[in-house]
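Trainee: Let the sequences and hints guide you as you build the complete structure.
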Amino acid sequence: MVVAEIKPLKEIKEMVKKFRKILVLGCGDCVSVCLSGGKKQVELLSMALRMAKKLDADEANIGEQTILRQCEPKFIELIRDEASRYDVIVSMACGAGVQALVDVIGNIPVLPAMNTKFIGAANGAGDFLEMCSACGECLISQTGGICPVTRCPKGLLNGPCGGSRNGKCEAGPDIPCAWILIYDRMKELGRLEDLKNIIEVKDWSKNQRPGRYETAIKEETGTDPEKKRPDKAAAK
Amino acid sequence: MNINAMPPCQAACPIQTDVRGYIAAIAKGDVKEAIRIIRQVNPFPSVCGRICTRTCESACRRGQVDEPIAIASLKRFASDQTRELKEASKTGTYYTEKIAVVGGGPSGLTAAHDLALLGYSVTVFEAHDELGGMMIRGVPEYRLPKHVVKDDIDLILSIGVEAKTGMKLGMDFTIDDLLKEYRAVFLALGSERSLFPKCKGVEQPGVITAVEFLQQVSQGQRPYLGKHVVIIGGGHTALDAARTCIRLGSTDVTVVYRRTLNEMPAGKIEVEEAESEGVKFRYLTAPVEFLGKGKVEKVRCIEMRFVADGSRRRRLVSVEDSEFEIMADAVVLAIGYNPKTDDIKDIEIISGKRGTIVVKDESGATNIKGVFAGGDVVSGPMSVIDAIASGKRAAEAIHRSLRNLPQKELDEPSVLKPLDEKIVSLIDKAGRQKMPALPADDRIKNFEEVNLGYGKEQASIEAWRCLNCGSGAVVSDDCAACLNCVIVCPYGVPTPGEQKAQIDISQCQACGICAAECPASAIDVRLETKEEGRNKLDEAIAAAKKAAPDGFNIEFFCEYQQPEENSGEKADTFRVGKPCLGRIDIAQLLRPFEEGSRTVRINKCKRHDCRFKDCEQWIVKHVQAAKNILRELGMDTERLKLTEEPGNN
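First to last, the sequence lines map onto chains F and L.
Start counting at 1 in the first sequence, then tack on 394, and there's your number in my numbering.
Start counting at 1 in the second sequence, then tack on 72, and there's your number in my numbering.
By construction, these hints were calculated from the structure, which means they are not laboratory data.
Treat each hint with caution, since some may be false.
Pairwise CB distance ranges (calculated) [said to hold, decoys possible]:
(1) F/Glu-608 - L/Asp-610: 47 to 55 Å
(2) F/Arg-606 - L/Lys-489: 48 to 56 Å
(3) L/Lys-617 - F/Glu-408: 26 to 34 Å
(4) L/Ile-559 - F/Asn-455: 32 to 40 Å
These figures come from a predicted structure and were not determined experimentally.
Using N, Cα and C, we set each Cβ at its ideal position, and we do this for glycine too.
Mentor: Now the structure itself:
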């Protein structure tokens, strides 16, 4: 899932300086799971902003909402009316959610409360590690299910490098050397021989941004921006 | 897993008392709330708190950890402490029908009480001069003082129940007479005809029945039965008679019972109390003949033993050639008693064998329209709580029949299952509080109440042992399946479900840590719901703003702590209690600041054996996180103080 971290309060305060009616919007999916942007965190951020506004002798009306997933326009539709009562939406979703909001709710500015960090998984209690770079051409079948693109700071496809020391990476003492992990895993799987195969250079064109993925049930309306923003179409 | 499953104590109680509720109130020091909860279903709290047979305690899940909660003794504590707070609210009569209750014992008086509260005009007819039945005529005063019974009875009368004593059914009036004036009649005649063993010599002077003996003593007589007394029987009545004899001066008192201690209805605790007073016991012994010239002098007994009879049950048979004799100046028979219903001649009430009145169902309807029966006259001698339960059922049935409502469906409640072993092993052990009692030597000199009742501190410590079964966490659909609750729970109760986290209500210990840490605010703990917590805090803040508009402080404290005598409370500090502080989340800590509080104090207790494991570390974590936010806002972090209260050690 997507892992995001809340921005420093100072930065968020600065972003909302000139706004009086603020809606803090949380997301019930990834950011809830990594304990950053769920209903509980919405409550805390709203409280902190209220107190901050008060300290600056500013008036403020700060609302709180959380929807199931901010990256889904249909869920955003559910709070469109509510959102129209505010001057700005502070989104606690990942970057995808923030931008989906912008797409759907045209006339209100949307500000990101989070810094989206990576695609990752839980690594024990309350700890999240980056696992995947979304390179678009997954090769981890060749490396025992461990991704060297992501977990090796150099992204080596045929490691390890000379900087590997006692199983740790030279880039940081708590970064395990990905290639040692891969070696151990392949040994466990009885596939050490396979490591002798050279992994070819990646085709980074598969990772061309912005990425797009079309499924078989692609909606007709999805492609036409005018159909998504009826207010803009009407204004023309 | 039914989240509305009943705690085993409540399910085991014949009147389904909200045990969990009143014990939680006592743990927080709120006796008024405790007695209110008890009195919702039980008009005899002072009586039951002393002599109830306590099936609840046998079912209590704390018993899996160490010892069951002293549920009855805590009931006694609540009623003793609120004696002065007699809230005698005379209820109005909403219905025109009048109801007659025949029998002023626990069953009759309970039915009268419930019917009066429903709005009927009720008259109780009692053959003796005093109301109370076996509560005052059968149970000795050293177990149940008369003035205690009178307290409960006075409260019942004060709500508008009319009582006519000295009126005997069959002599002063008939059921027919009653049906002319009253729309319904409830027969709660009790059961007082003693059974006699089939032994020769039973008619000799000196062979008396326990029921009559105890009645005489209850009326103030003090008969001396002689040095050697033999009691036949194994129930409460037998032990009551034995201990009464000790107090009347007999020094060689022996209880003779045909089976063993394990089968004895009186129970091990009472037997121990009797033994400490000098009563002797002979098990697996049965009387054969009462011998004597002019009056009884000896009892010839025979030994008994169990034999397997081919099926899984055992049969009791006498041991050949094992007869022996016990000296006896008097013999007290306590092998049971039946109702006396042959006095009821005018109306045909179907009488079962043993003279009991036969009823159609649990509600007590007899074969005659408008006539109901309950208590010992239907069931034979049972416990006072069973009599109360039958009185309640009859009142409900009479009310529904008069109002043309369908009769109540009796459904089996679903009950919480036992605690898992792994949870039991994580709960710190703490034995039951010992009931203070008169020293054994002092007891036998008089009929003063032997058990003295818990003091405030004892009651609060004992009530705190209660696990509040079933008042734990419930997960809503907002759950994001982050499984944080699985990670933080000190008891390992939450598990990953198919779509969201699953928390088994029968195992959850209600510490509230998962709820405080849930990022989706999807967990609500019933011990203190989010709404209750919010309301408490809102109320305190509103009161603070009103009373101290120039500046106020908010203080959170643990409700299970004894308040300090001199807490140094200032007029501008407003307190919010929580059932253990581990459940406060960061937002609650900051809320008072949002509303203008000068400081927020968290009075953490000093105990390290809190039933809510790990509460200490979470309190510290939450305070740290709250301080971080204050720091980011440029506010003085010293305004948030974590202090320690002297705790119970």
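Trainee: Quick check: which numbered hints come out false for this structure?
Mentor: Checked against the structure, no hint fails, so every one of them is satisfied.
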